[in-house]
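So the chains spell out like this:
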Amino acid sequence: MLEIKNLHVSLEEEDKQILKGVDLTVEAGKVHAIMGPNGSGKSTLSYVLSGRDGYEVTDGEALLNGEDLLEMEPEERAAAGVFLAFQYPVEIPGVGNMTFLRTAVNAQRKARGEEEMSAAEFLKVIREKAKALKIDADMLKRPVNVGFSGGEKKRNEILQMAMLEPKMCILDETDSGLDVDAMKLVAEGVNALRDEGRGFLVITHYQRLLDHIKPDVVHIMAGGRIVKTGGPELALEVEQNGYADILAEVA
Amino acid sequence: MANPAVKQDPLAARIEGLTLPDGAGWANDARGAALSRLTAMGLPRKRDEYWKYSDPTTLNAPEAPRAGLFVTDEAMPFSDTDRLKIVFVDGVYDADASDDLTMEGVEIERLSDALGRDIHWARDYYGVLETRGQTPVERPLAALNTAFATDGVVIRATGKAAKPISLIYLHKSETSDAILHHLVKVEEGASVTVLENGPAAARFSKCMEVEVADGGQFHHVRAQGRDHERRASTHMFARLGQESVYKSFTLTVNGILTRNEQVVEIAGDNAVAHIAGAALGDGATGAFHHDDTVFVTHDAVDCESRQVFKKVLRNGAEGVFQGKILVKPHAQKTDGYQLSQSLLLDEDSSFQAKPELEIYADDVQCSHGSTTGAIDEEALFYLRSRGVPEGAATDLLVLAFLAEAIDEIEDESLREDILTRLQGWLDRHRG
Ligand SMILES: Nc1ncnc2c1ncn2[C@@H]1O[C@H](COP(=O)(O)OP(=O)(O)OP(=O)(O)O)[C@@H](O)[C@H]1O
Ligand SMILES: [Mg+2]
Chain S
239 MLEIKNLHVS LEEEDKQILK GVDLTVEAGK VHAIMGPNGS GKSTLSYVLS GRDGYEVTDG
299 EALLNGEDLL EMEPEERAAA GVFLAFQYPV EIPGVGNMTF LRTAVNAQRK ARGEEEMSAA
359 EFLKVIREKA KALKIDADML KRPVNVGFSG GEKKRNEILQ MAMLEPKMCI LDETDSGLDV
419 DAMKLVAEGV NALRDEGRGF LVITHYQRLL DHIKPDVVHI MAGGRIVKTG GPELALEVEQ
479 NGYADILAEV A
Chain P
1335 MANPAVKQDP LAARIEGLTL PDGAGWANDA RGAALSRLTA MGLPRKRDEY WKYSDPTTLN
1395 APEAPRAGLF VTDEAMPFSD TDRLKIVFVD GVYDADASDD LTMEGVEIER LSDALGRDIH
1455 WARDYYGVLE TRGQTPVERP LAALNTAFAT DGVVIRATGK AAKPISLIYL HKSETSDAIL
1515 HHLVKVEEGA SVTVLENGPA AARFSKCMEV EVADGGQFHH VRAQGRDHER RASTHMFARL
1575 GQESVYKSFT LTVNGILTRN EQVVEIAGDN AVAHIAGAAL GDGATGAFHH DDTVFVTHDA
1635 VDCESRQVFK KVLRNGAEGV FQGKILVKPH AQKTDGYQLS QSLLLDEDSS FQAKPELEIY
1695 ADDVQCSHGS TTGAIDEEAL FYLRSRGVPE GAATDLLVLA FLAEAIDEIE DESLREDILT
1755 RLQGWLDRHR G
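First to last, the protein sequences are chains S and P.
In our numbering, each number is its position in the first sequence, counted from 1, plus 238.
In our numbering, each number is its position in the second sequence, counted from 1, plus 1334.
Pulled out of the complex, with its shape left as it was, chain S reads as follows (with noise of 0.2 Å):
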């Protein structure tokens, strides 16, 4: 599904380079989660694969199903089938959460030539979408994101998950701000989206979200690179003893 081969990237503005030689391969069906410090990168690498501005990569390739990600612009890698759970949701004023989800869902059929939904239908079904996150008809007409609470804001980038039925989901600290029954919902949401034919990208610092999202692979990134990959536990690994043994074990 997604391959990232030695992708390197620096910022545009600056000369800092912060990917340094990620690899990383996501089959279709399964989760893989990243773990990992501050500012080790895992941020930069999901605006790096869903487009935006900014990052100059300097070497390396991500392939979705086979096409190079990289030239395509941040609507071509959605209708592709990237999407990504923003760790910092955006707050869009005057812009109805309906409207532009509506927009959206419609576009990216458009754009592969598939029939637009009727706004019946649309409504039809985000409404229930919206119901199984606890998302209530007034923030349907909000606009996006602006006044919502931390975890409201994560729970509607889930029900934008749920519309646009992406194929490769990177999620970015979705459960930060997460109450304990909010973060159930999340998870609840991704369980149901899982299927043979998506895969997931789950960036977490806890793992508390995948004791609810089950991930089959645990990366661990540090200084821009993926230093140590495994099962399920290391997830618990990190949880018990931190990064200190991990970093010192592959430096």
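Read the hints as simulated data drawn from the structure, not as lab findings.
Built from N, CA and C at the ideal position, the CB exists for glycine as well.
Some clues are possibly wrong.
Calculated pairs, SDA-like style, for lysine to any residue (alpha carbon to alpha carbon, straight line, at most 20 Å) [stated by the list, open to error]:
{"no.": "1", "chain 1": "S", "residue 1": "Lys379", "chain 2": "P", "residue 2": "Glu1750"}
{"no.": "2", "chain 1": "S", "residue 1": "Lys379", "chain 2": "P", "residue 2": "Asp1741"}
{"no.": "3", "chain 1": "S", "residue 1": "Lys348", "chain 2": "P", "residue 2": "Glu1724"}
{"no.": "4", "chain 1": "S", "residue 1": "Lys348", "chain 2": "P", "residue 2": "Gly1725"}
{"no.": "5", "chain 1": "S", "residue 1": "Lys348", "chain 2": "P", "residue 2": "Arg1764"}
{"no.": "6", "chain 1": "S", "residue 1": "Lys379", "chain 2": "P", "residue 2": "Ala1737"}
{"no.": "7", "chain 1": "S", "residue 1": "Lys348", "chain 2": "P", "residue 2": "Ala1726"}
{"no.": "8", "chain 1": "S", "residue 1": "Lys379", "chain 2": "P", "residue 2": "Glu1746"}
Computed far set for chain S versus chain P, every beta-carbon distance over 12 Å [as the list claims (entries may be wrong)]:
{"no.": "9", "residue": "Ala266"}
{"no.": "10", "residue": "Ala358"}
{"no.": "11", "residue": "Gln445"}
Add chain P with the ligands to chain S, keeping to what the hints say.
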């Protein structure tokens, strides 16, 4: 060019080809007085403080600069609205194209008919608000209009007007120089909606004086657009009685030079004045310069005024806002609000703003704000990351930016109409 060495007085040159239309004695007096005002003031000059950001040269020129005709098969704004249509072609009333002027709740006459009558209510109003609007800031082009206006309508609302009155300005001659003057009197408790649209002329001078008596309501929605080479100077002068309402919204797209002045005097307690505008300019399809110049005077207690002006500018388009709220000493409990914002879609475009508050009463609430900004890149990326193409994502952000101005249009179908125009413009002007 008889003698280029002798520099002719610009005002004399400007009015040389114009004649004062002949009417009833009082009307001739009013026109004569306007000409005297104009002569005393002279034409606006580039160095005038009030013309600092807009160059009046082409408005002052003896002849209208040529303006190409814009042909489109697109339906005109307000086409879906049930309205009474009054059509002017290059500034001349077209009876055949216009609807019958009789309508429940209003009396409508052609300006020349009203001004030709010895006894007419217009006698107490023609040029009166324009004259009042000359202080504290001079508006010579408005005086010129009052003096030389060749056509227009006078509207007296005596009850609730059955339909909106739709003034449609068609442009069929590349060199037309139109001067229209309208007079609106909204009697006590009466209400009327006036719509305006159309390219009008190569050069267009339009003045509308609006007297709103106690409890009266005047609503105004205007769409200026589709004529890229327009040069227009328009004035709205209004005076509001007690508990009256004045609401005006203007959408402006394209146009080499558009100066829209609004002068509103709030004279009765508990009156409300809302003046809003959305302007979109794209320098890639011709020069664009749009100037909103607004002056609201609070001269009564417990009144509310709102100015909401938004401009979206790209490819070297220029926007100007000069807005003032003047609160006289006894105008207590005034609630005044003024917002002027521009969204610059690139670094070539510019916005000049001169927001002013002058307050002499102590118990008032007045705020003003002016901002110039670019598209929020974070928001743009967020939208694109969900699959919304860059152009459509920009449109969503542009519409969000304009929303506060658009929302000033109370009537939902008119608001939808304006939104359709806006969307059309955005579709045609993708980055
Ligand atoms: N635009 C930028 N300007 C300057 N430094 C940046 C920028 N973007 C990222 N960095 C730096 O790159 C490094 C990696 O940042 P990134 O946000 O990817 O880390 P992270 O692993 O997601 O951290 P966290 O766990 O705290 O979310 C950090 O040192 C950060 O300060
Ligand atoms: Mg991060």
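message: For Lys379/S and Ala1737/P, compute the direct alpha-carbon distance and say whether it is at most 20 Å.
response: 15 Å, holds
field: Non-interface label on Ala358/S, tested against every C-beta of chain P at 12 Å
entry: 20 Å, holds
query: Quick one, are Lys379/S and Asp1741/P close enough, alpha carbons at most 20 Å?
result: 16 Å, holds
- prompt: Do the alpha carbons of Lys348/S and Ala1726/P lie within 20 Å of each other, as the hint requires?
  reply: 13 Å, holds
- request: Would you check the hint for Lys348/S and Gly1725/P, treating anything up to 20 Å between C-alpha atoms as holding?
  value: 15 Å, holds
query: Taking only the CA atoms, is the gap from Lys379/S to Glu1746/P under or equal to 20 Å?
result: 19 Å, holds
message: If I take the minimum Cβ distance from Gln445/S to any residue of chain P, is it greater than 12 Å?
response: The assertion about Gln445/S holds, with a minimum of 28 Å to chain P.
Nearest-CB test (12 Å) between chain P and Ala266/S: 20 Å, holds
task: Given the hint that Lys348/S pairs with Glu1724/P, test it: the Cα-Cα distance must not exceed 20 Å.
output: At roughly 14 Å apart (the allowed maximum being 20 Å), Glu1724/P and Lys348/S satisfy the hint.
field: 20 Å Cα cutoff - pair Lys348/S, Arg1764/P
entry: With Cα atoms ~18 Å apart, Lys348/S and Arg1764/P stay inside 20 Å; holds.
query: Holds or violated: are the alpha carbons of Lys379/S and Glu1750/P at most 20 Å from each other?
result: Holds - the C-alpha atoms of Glu1750/P and Lys379/S are around 19 Å apart, at most 20 Å.
In terms of the numbered hints stated before, the structure departs from none.
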